[in-house]
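In case you want the letters, here they are:
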Amino acid sequence: MLTFRDVSYRYAGASRDCLHAVSLDVPAGRVTGLVGPSGAGKSTLCLIAGGLAPRVIGGRLIGEMRLDDEDVSGWPMHRLAEHVTSGLQDPAGQLSLVADTVFDEVAFGPANLGLRRDEILERASTAMRQVGIESLAGRDPRLLSGGQQQLVILAGLMAMRPRVLVLDEPVAHLDARGTREVLDAVAALSGTGTAVLMAEQRTSALASVADSLALVAGGNIVAQGSVAEVLDDAATVALGVEPLPEQRLRMRLRAAGLDPALLDAAPQDPAPLEPRA
Amino acid sequence: MTELRLEGVSYDYPDGTVALVDVDLLLPAGQTLALIGANGSGKSTLARHLDGLLRPSRGRVRIDGEDAAARSVAQLAHHVGLCFQHPERQIFNHDTFEEVAYGPRRLGVADEQIGARVRAALEAVDLAGAIGSHPDDLGDAARKLLSIASVLAMETPVLVLDEPTIGLDARGVALIERLIGDLHAVGRTVVAISHDLRFVAETFERVVLLDAGQIILDGGPAEVFAEAAWPRLRTAGLEPPAAALIGARLGLGSTPTEESVVEALRSR
Numbered sequence: 000m001l002t003f004r005d006v007s008y009r010y011a012g013a014s015r016d017c018l019h020a021v022s023l024d025v026p027a028g029r030v031t032g033l034v035g036p037s038g039a040g041k042s043t044l045c046l047i048a049g050g051l052a053p054r055v056i057g058g059r060l061i062g063e064m065r066l067d068d069e070d071v072s073g074w075p076m077h078r079l080a081e082h083v084t085s086g087l088q089d090p091a092g093q094l095s096l097v098a099d100t101v102f103d104e105v106a107f108g109p110a111n112l113g114l115r116r117d118e119i120l121e122r123a124s125t126a127m128r129q130v131g132i133e134s135l136a137g138r139d140p141r142l143l144s145g146g147q148q149q150l151v152i153l154a155g156l157m158a159m160r161p162r163v164l165v166l167d168e169p170v171a172h173l174d175a176r177g178t179r180e181v182l183d184a185v186a187a188l189s190g191t192g193t194a195v196l197m198a199e200q201r202t203s204a205l206a207s208v209a210d211s212l213a214l215v216a217g218g219n220i221v222a223q224g225s226v227a228e229v230l231d232d233a234a235t236v237a238l239g240v241e242p243l244p245e246q247r248l249r250m251r252l253r254a255a256g257l258d259p260a261l262l263d264a265a266p267q268d269p270a271p272l273e274p275r276a
Numbered sequence: 000m001t002e003l004r005l006e007g008v009s010y011d012y013p014d015g016t017v018a019l020v021d022v023d024l025l026l027p028a029g030q031t032l033a034l035i036g037a038n039g040s041g042k043s044t045l046a047r048h049l050d051g052l053l054r055p056s057r058g059r060v061r062i063d064g065e066d067a068a069a070r071s072v073a074q075l076a077h078h079v080g081l082c083f084q085h086p087e088r089q090i091f092n093h094d095t096f097e098e099v100a101y102g103p104r105r106l107g108v109a110d111e112q113i114g115a116r117v118r119a120a121l122e123a124v125d126l127a128g129a130i131g132s133h134p135d136d137l138g139d140a141a142r143k144l145l146s147i148a149s150v151l152a153m154e155t156p157v158l159v160l161d162e163p164t165i166g167l168d169a170r171g172v173a174l175i176e177r178l179i180g181d182l183h184a185v186g187r188t189v190v191a192i193s194h195d196l197r198f199v200a201e202t203f204e205r206v207v208l209l210d211a212g213q214i215i216l217d218g219g220p221a222e223v224f225a226e227a228a229w230p231r232l233r234t235a236g237l238e239p240p241a242a243a244l245i246g247a248r249l250g251l252g253s254t255p256t257e258e259s260v261v262e263a264l265r266s267r
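Line by line, the protein sequences give chains A and B.
With numbering that gives the first Met the number 0, the residue at position 229 of the first sequence is 228, and numbering never jumps.
With numbering that gives the first Met the number 0, the residue at position 87 of the second sequence is 86, and numbering never jumps.
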């Protein structure tokens with residue numbers, strides 16, 4: 000489990016904190032979702048969880064980050080990276096740029112962990128299969144579409160077999176099929192005990208995979224609970240969080256003076272991205 | 000007013016990847032068109048043909064009837080402004096004013112008009128308060144909006160926006176919907192690439208589906224998202240917008256937009 004205790008953070012050169020004494024548990028084997036309006040601090044929380052803030056980008060961190068029983072706040076990046084990996088919004092900015100094929104790109108992380116060759120190959124192959132990109136193995140990762148690059152990055156992160164996987168908007172650039180593949184892969188990984196922290200504006204995608212949600216606003220965690228508890232709240236919508244599709248329609252019907260129950264008139268087909276039970 | 004026409008356009012990347020196959024597309028002045036399709040289906044490649052960043056391997060692009068091959072990217076930039084998918088690949092200045100001013104300056108807009116252009120563009124994306132900030136001090140969503148403002152300030156007849164809503168919250172998406180509506184109202188052509196099919200259905204008058212570099216569907220949202228077209232959408236890796244799914248479930252016919260669901264239920 001990854002734990003934040005009273006974490007405050009200020010970017011280098013900024014005049015005020017952008018996170019204020021945030022406490023959050025990211026339990027093993029669960030997907031913890033972060034929702035909130037733009038600029039709330041979700042990405043900052045991801046940068047801290049992944050170890051990039053303050054180690055790589057500077058800034059001032061107060062408070063404690065624990066990995067199970069250990070305070071990892073003072074760990075160097077290379078040590079933390081053996082346990083925690085993170086994916087950012089722009090996949091192109093995360094490519095190693097030294098790999099000429101997708102296979103080498105996915106193998107880059109495990110190779111840098113100093114693993115045996117056969118294990119590196121096995122991890123890369125497995126991860127590529129999990130996100131459904133085997134057919135891209137020989138392609139140049141720099142020439143792929145943005146969405147395909149995102150899948151390559153995710154496979155590379157999964158090949159690291161981290162205890163904690165941090166994902167900032169991992170499906171933003173993906174089509175419905177790619178989204179499903181990534182979410183399935185994330186669910187499978189969490190099923191093997193990985194703690195997943197995932198920030199996402201597309202709440203319907205997040206709702207389909209998250210076990211719980213934390214609502215971030217103004218640098219604070221203002222609500223935590225199940226997907227339904229956090230999203231079915233007018234205050235969440237008022238903050239600018241994208242409502243689920245049915246919820247949006249109910250709001251539209253209510254605004255038009257119609258009964259939202261009109262949507263329940265016929266039996267429900269499974270929606271493309273069903274919230275996990 | 001600018002009319003764009005792709006005639007039998009095919010494009011092969013240097014590594015041999017076939018990205019576009021014999022694409023014919025007429026884009027009349029003043030139309031709003033959404034390009035949809037799976038990752039790697041050729042959407043961004045097609046968009047880059049509209050402003051000359053890529054040139055067809057075969058076929059031609061015509062701008063107001065003339066072959067665009069005869070015009071440089073700089074000349075075409077007077078007609079078509081393109082906003083990239085990733086702001087990181089577009090933003091390079093150290094302050095938001097200079098970032099937005101860069102495009103119009105390159106187009107030769109007089110210095111005394113630059114300030115008004117920049118302010119209007121930043122206001123249009125709700126970033127008036129960020130004039131003079133360093134782009135790196137803005138959040139990801141604000142940087143996305145800044146990259147859109149940079150293209151707005153060029154005031155080209157045609158705007159091409161690659162995934163304009165990515166990373167934006169519901170308010171940001173609503174802002175983009177309004178912005179495109181405003182541009183449409185004054186006769187500008189807007190082409191956008193998007194995976195957000197709710198946004199697409201709510202905002203655009205024409206939707207073009209690309210699959211493996213070919214145009215598979217081309218029509219209004221009610222046509223492209225009608226139940227009869229779902230198999231082709233799904234073969235192409237996409238899911239219809241929720242309003243269409245719900246409308247079909249309730250037997251309302253083709254309801255690509257939330258408004259059309261509301262109206263169908265009202266008149267039931």
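Fair warning: there could be bad hints in the mix.
[Said to hold, decoys possible] Have a look at the derived ranges for each label pair, beta carbon to beta carbon:
no.: 1; chain 1: B; residue 1: 93; chain 2: A; residue 2: 75; range: 29 to 35 Å
no.: 2; chain 1: B; residue 1: 54; chain 2: A; residue 2: 13; range: 42 to 48 Å
no.: 3; chain 1: B; residue 1: 231; chain 2: A; residue 2: 234; range: 56 to 62 Å
no.: 4; chain 1: A; residue 1: 227; chain 2: B; residue 2: 173; range: 33 to 39 Å
[Unchecked claim] Just some of the chain A residues that point at chain B, by a computed CB distance under 7 Å:
no.: 5; residue: 36
no.: 6; residue: 37
no.: 7; residue: 38
no.: 8; residue: 42
no.: 9; residue: 88
no.: 10; residue: 133
no.: 11; residue: 136
no.: 12; residue: 137
no.: 13; residue: 139
no.: 14; residue: 141
no.: 15; residue: 144
no.: 16; residue: 145
no.: 17; residue: 175
no.: 18; residue: 244
no.: 19; residue: 260
no.: 20; residue: 264
Keep in mind the hints are simulated off the structure, nothing from the lab.
Just so you know, even glycine gets a beta-carbon here, dropped at the ideal spot from N, CA and C.
Cross-check of the supplied hints:
Judged by the Cβ atoms, the range 29 to 35 Å given for residue 93 of chain B and residue 75 of chain A holds: they are separated by roughly 31 Å. Taking the beta carbon of each, residue 54 of chain B and residue 13 of chain A are about 44 Å apart, inside 42 to 48 Å as hinted. For the pair residue 231 of chain B and residue 234 of chain A, the beta carbons lie near 40 Å from each other, so the given range of 56 to 62 Å is not met. The given range of 33 to 39 Å is broken by residue 227 of chain A and residue 173 of chain B, whose C-beta atoms sit roughly 24 Å from each other.
A least Cβ separation of about 5 Å between residue 36 of chain A and chain B falls short of the 7 Å threshold, and the interface hint therefore holds. The beta carbon of residue 37 of chain A comes within 3 Å of a beta carbon in chain B, closer than 7 Å, and the hint placing it at the interface holds. The interface hint given for residue 38 of chain A holds, since its Cβ lies 4 Å from the closest Cβ of chain B, which is under the 7 Å cut-off. With a cut of 7 Å, the hint placing residue 42 of chain A at the interface with chain B holds, because the nearest CB-to-CB distance is about 6 Å.
Using the Cβ-Cβ criterion of 7 Å, the hint placing residue 88 of chain A at the interface with chain B is satisfied: the shortest such distance is roughly 6 Å. Given the 7 Å rule on beta carbons, the hint for residue 133 of chain A is violated: about 15 Å separates it from the nearest Cβ of chain B. Below 7 Å, beta-carbon pairs count as interface contacts, and residue 136 of chain A has none with chain B, the closest being about 14 Å; its hint is therefore violated. For residue 137 of chain A, the interface hint is violated, since its Cβ never comes within 7 Å of a Cβ in chain B; the closest pair sits about 10 Å apart.
Residue-level restraint check for residue 139 of chain A holds (minimum Cβ-Cβ distance to chain B is 6 Å; threshold 7 Å). A distance limit of 7 Å between C-beta atoms decides the matter here; for residue 141 of chain A the minimum to chain B is near 10 Å, and the interface restraint is violated. The interface hint given for residue 144 of chain A is met, as the beta carbon of that residue sits about 4 Å from the closest beta carbon of chain B, less than 7 Å. Checking residue 145 of chain A against chain B by beta carbon gives a least distance of about 5 Å; that is within 7 Å, so the hint holds.
Residue-level restraint check for residue 175 of chain A holds (minimum Cβ-Cβ distance to chain B is 4 Å; threshold 7 Å). A distance limit of 7 Å between C-beta atoms decides the matter here; for residue 244 of chain A the minimum to chain B is near 3 Å, and the interface restraint holds. With its C-beta approaching chain B no nearer than about 11 Å, residue 260 of chain A sits outside the 7 Å limit, and its interface hint is violated. Satisfaction of the interface hint for residue 264 of chain A is found here, the shortest Cβ-Cβ separation to chain B being roughly 6 Å, below the 7 Å cut-off.
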